[in-house]
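Asker: One letter stands for each residue in the lines below.
Protein chains: 2
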Amino acid sequence: MNFKIQKKYLLNSIQAVSNAISSRTVIPILSGMKIDVTTEKIILTGSNSDITIQSHIPATDDGEEIITNISEGSIVLPVPHFPDIIRKLPEDIVDITVEENYKTIIKSGKAVFTLYGQSSEEYPRVLFNQDDEPLALKVKDIKTLIKQTVFAVSPMETRPILTGVHVKIEDGELTFTATDSHRLSLRGIKIDDKNFEANNIVIPGKSLQELNKIFDNDDDTVYMAILKNQVLFYTENTYFLSRLLSGNYPETDRLIPTESQTTLNIFTKDLIHTIERAALLSSRDQNNVIRLDTLDNNMIEISGHSPEIGNVKELLDVISIEGESIKISFSARYMLDSLKAIDSDRVQIRFTGPMRPFVIRTPEEEKILQLILPVRTY
Amino acid sequence: MNFKIQKKYLLNSIQAVSNAISSRTVIPILSGMKIDVTTEKIILTGSNSDITIQSHIPATDDGEEIITNISEGSIVLPVPHFPDIIRKLPEDIVDITVEENYKTIIKSGKAVFTLYGQSSEEYPRVLFNQDDEPLALKVKDIKTLIKQTVFAVSPMETRPILTGVHVKIEDGELTFTATDSHRLSLRGIKIDDKNFEANNIVIPGKSLQELNKIFDNDDDTVYMAILKNQVLFYTENTYFLSRLLSGNYPETDRLIPTESQTTLNIFTKDLIHTIERAALLSSRDQNNVIRLDTLDNNMIEISGHSPEIGNVKELLDVISIEGESIKISFSARYMLDSLKAIDSDRVQIRFTGPMRPFVIRTPEEEKILQLILPVRTY
Numbered sequence: 001m002n003f004k005i006q007k008k009y010l011l012n013s014i015q016a017v018s019n020a021i022s023s024r025t026v027i028p029i030l031s032g033m034k035i036d037v038t039t040e041k042i043i044l045t046g047s048n049s050d051i052t053i054q055s056h057i058p059a060t061d062d063g064e065e066i067i068t069n070i071s072e073g074s075i076v077l078p079v080p081h082f083p084d085i086i087r088k089l090p091e092d093i094v095d096i097t098v099e100e101n102y103k104t105i106i107k108s109g110k111a112v113f114t115l116y117g118q119s120s121e122e123y124p125r126v127l128f129n130q131d132d133e134p135l136a137l138k139v140k141d142i143k144t145l146i147k148q149t150v151f152a153v154s155p156m157e158t159r160p161i162l163t164g165v166h167v168k169i170e171d172g173e174l175t176f177t178a179t180d181s182h183r184l185s186l187r188g189i190k191i192d193d194k195n196f197e198a199n200n201i202v203i204p205g206k207s208l209q210e211l212n213k214i215f216d217n218d219d220d221t222v223y224m225a226i227l228k229n230q231v232l233f234y235t236e237n238t239y240f241l242s243r244l245l246s247g248n249y250p251e252t253d254r255l256i257p258t259e260s261q262t263t264l265n266i267f268t269k270d271l272i273h274t275i276e277r278a279a280l281l282s283s284r285d286q287n288n289v290i291r292l293d294t295l296d297n298n299m300i301e302i303s304g305h306s307p308e309i310g311n312v313k314e315l316l317d318v319i320s321i322e323g324e325s326i327k328i329s330f331s332a333r334y335m336l337d338s339l340k341a342i343d344s345d346r347v348q349i350r351f352t353g354p355m356r357p358f359v360i361r362t363p364e365e366e367k368i369l370q371l372i373l374p375v376r377t378y
Numbered sequence: 001m002n003f004k005i006q007k008k009y010l011l012n013s014i015q016a017v018s019n020a021i022s023s024r025t026v027i028p029i030l031s032g033m034k035i036d037v038t039t040e041k042i043i044l045t046g047s048n049s050d051i052t053i054q055s056h057i058p059a060t061d062d063g064e065e066i067i068t069n070i071s072e073g074s075i076v077l078p079v080p081h082f083p084d085i086i087r088k089l090p091e092d093i094v095d096i097t098v099e100e101n102y103k104t105i106i107k108s109g110k111a112v113f114t115l116y117g118q119s120s121e122e123y124p125r126v127l128f129n130q131d132d133e134p135l136a137l138k139v140k141d142i143k144t145l146i147k148q149t150v151f152a153v154s155p156m157e158t159r160p161i162l163t164g165v166h167v168k169i170e171d172g173e174l175t176f177t178a179t180d181s182h183r184l185s186l187r188g189i190k191i192d193d194k195n196f197e198a199n200n201i202v203i204p205g206k207s208l209q210e211l212n213k214i215f216d217n218d219d220d221t222v223y224m225a226i227l228k229n230q231v232l233f234y235t236e237n238t239y240f241l242s243r244l245l246s247g248n249y250p251e252t253d254r255l256i257p258t259e260s261q262t263t264l265n266i267f268t269k270d271l272i273h274t275i276e277r278a279a280l281l282s283s284r285d286q287n288n289v290i291r292l293d294t295l296d297n298n299m300i301e302i303s304g305h306s307p308e309i310g311n312v313k314e315l316l317d318v319i320s321i322e323g324e325s326i327k328i329s330f331s332a333r334y335m336l337d338s339l340k341a342i343d344s345d346r347v348q349i350r351f352t353g354p355m356r357p358f359v360i361r362t363p364e365e366e367k368i369l370q371l372i373l374p375v376r377t378y
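As they're listed, the protein sequences go chains A and B.
Using full-length UniProt numbering, you'd call the opening residue of the first sequence number 1 and step up by one each time.
Using full-length UniProt numbering, you'd call the opening residue of the second sequence number 1 and step up by one each time.
Think of the hints as simulated: they come from the structure by calculation, not from any bench.
Ideal Cβ positions, reconstructed from N, Cα and C, are used throughout, including at glycine.
The reader is advised that the hints may include incorrect statements.
[Said to hold, decoys possible] Derived CB-CB ranges, DEER-like: (1) B:K107 with A:R376: 29 to 35 angstroms; (2) B:D61 with A:R376: 49 to 55 angstroms; (3) B:E366 with A:T114: 37 to 43 angstroms; (4) A:D84 with B:R159: 32 to 38 angstroms.
[Unchecked claim] Where chain A lies over chain B, by a calculated footprint (3+ residues, C-beta under 8 angstroms): (5) 78–85; (6) 111–117; (7) 276–283; (8) 314–323.
Could you put the whole structure together from the sequences, leaning on the hints where they help?
Answerer: Pasting the structure below:
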């Protein structure tokens, strides 16, 4: 096996598949990176128990020669040594040759590295069954869906299903939902394909965080295919496969209040800054609980209290307050997570009483919802 | 006690003294920041068992009013709460009032913070005895002395004196020396005051790392005064006091070879990059040991060997090789620390045999020296 390649292309691919490789794997060969060389392209693969990432580098791209001197073969090389070596090579071209006993010679400029590789025969076979009719999405849409929901998954394995994001495709709409049972994030987007349907697909939150790092170009099309127990996202040269969580995701629709007693319209940035200040003097052992009181004249008061340290009160002008007055306590951290994810100048918060979940939406006509459970403080 | 101050000045001072405050202090009051208010200025103090930092903010500066509404007093406020609050205030002006029972009200814009302070009576009294004739230095010179030596102090408390940097002032020269007994760094600079003398002053390495963060303006003058068991560095508004280490610093002069068998002249950056590559495949349990072999035609070979992973060899053109050929092994980490500290385009390395310490200097007429002990590898 031999090939000569432009370093920058190899580096990009190494970067992508590295995200799937962990040194703490129980299957030793998965601590390495697999390289398959064919006359048309090189394929890099990284894998762990949750995800597998493949990156393809074509031999030529738009007439530009990326890879030359190709002779076919496969090898598994040690990580982080192989990526570190490529990153620090002295020249823009690198020549890689596999000799007998998987001894791999990496040459660039006057530097010659020898790495002891492993047989690719031992590497688990990964099948990327591209579906006949995958769902086509824009990279920026999938990134928005992930960013606005994934932070709300449960970090705890006590209810494993809640560590994932629920994916539903129905009536021309793709919806992500995440909840840790104290808060819930939901985001839906319109899709062109009205016939594509799926339900009870639960993707591990960690997989989605990795997926979010893989695709750079917002305007690229990414295809999503739901396989047996797995979901595949792919572009022309990058394949991302994740296992799905088994079990039934809880019915979350009934948690969302359908009425409201108090509605606040508010500038998002003002609210974020005021809550950040209140969180400085809030009880650490209760997720930084702070309090919101509506006042007259379109004003609210945000306050925090930290036993033995001090307290803070701040008045904030809002755009409007409709309905009844309310005093309510909640986690500053959950509120900040939601407000920062929402990415809108203004937000609307609807309360249905001090002990009932409240809902944050944007004034735009988007399917977006952040729900937070209040905290009883007295 | 009351004052109104421009936030940016208060923030700068808080930043400086925060470096001395640790939450892990054995004296509870030292976990706080002390504020003294007089009609002319505000003084902030932070302290731990090693260092004390004071920052003065004058009420007016060049006719500009920095502090107004002054009524005198003292208070100790909790850290990190007080710094965090000032950092996140909504407006550029902050009003601070101490009421009864050390209750401190901090107002800015529509935000009102209450912090429970402590009496400053309990704060240890720190004396900044400014010497009659301190040594005047440029900030950039003291920073150079620290940067080029402090990394070589011992991180281990087995020989406490080696955790400090030895300071000697003699014959119009100020010299810093640090060694962990495997390597030694020495840097001297000329000083104007030919009569100032000091020896066996050993400043904790950690104190010097903090000192290096305090003074920003390279061209400012900083004064150094050696007190009983302490050293004081100060500018007009910032005071930095450190304890000294007790005990006798070892005689290091006799460690430095006076002759050499092999002299290499080399471009620093080329050598750094080649050693970084060799370090990727070197034995981790021996401080990344690599090997240097001189070859003919002004070339050297740098090589690394990592058992079970692989090896690397790289040829490097050097400016000149004088004297006998040599094969020598050493820690890549020590070598990189020294080369990066030296800050010169070219370096000269003098060897006196494969098992004798070698010395790195610059071609410039500077008193700078990095000494490294080789490693026996066979």
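Asker: Taking the hints in turn, state whether each one holds.
Answerer: To see whether the hints hold, each was checked on the structure:
{"no.": "1", "hint": "B:K107 with A:R376: 29 to 35 angstroms", "verdict": "holds (31 angstroms)"}
{"no.": "2", "hint": "B:D61 with A:R376: 49 to 55 angstroms", "verdict": "holds (51 angstroms)"}
{"no.": "3", "hint": "B:E366 with A:T114: 37 to 43 angstroms", "verdict": "holds (40 angstroms)"}
{"no.": "4", "hint": "A:D84 with B:R159: 32 to 38 angstroms", "verdict": "holds (35 angstroms)"}
{"no.": "5", "hint": "78–85", "verdict": "holds (count 4)"}
{"no.": "6", "hint": "111–117", "verdict": "holds (count 6)"}
{"no.": "7", "hint": "276–283", "verdict": "holds (count 4)"}
{"no.": "8", "hint": "314–323", "verdict": "holds (count 3)"}
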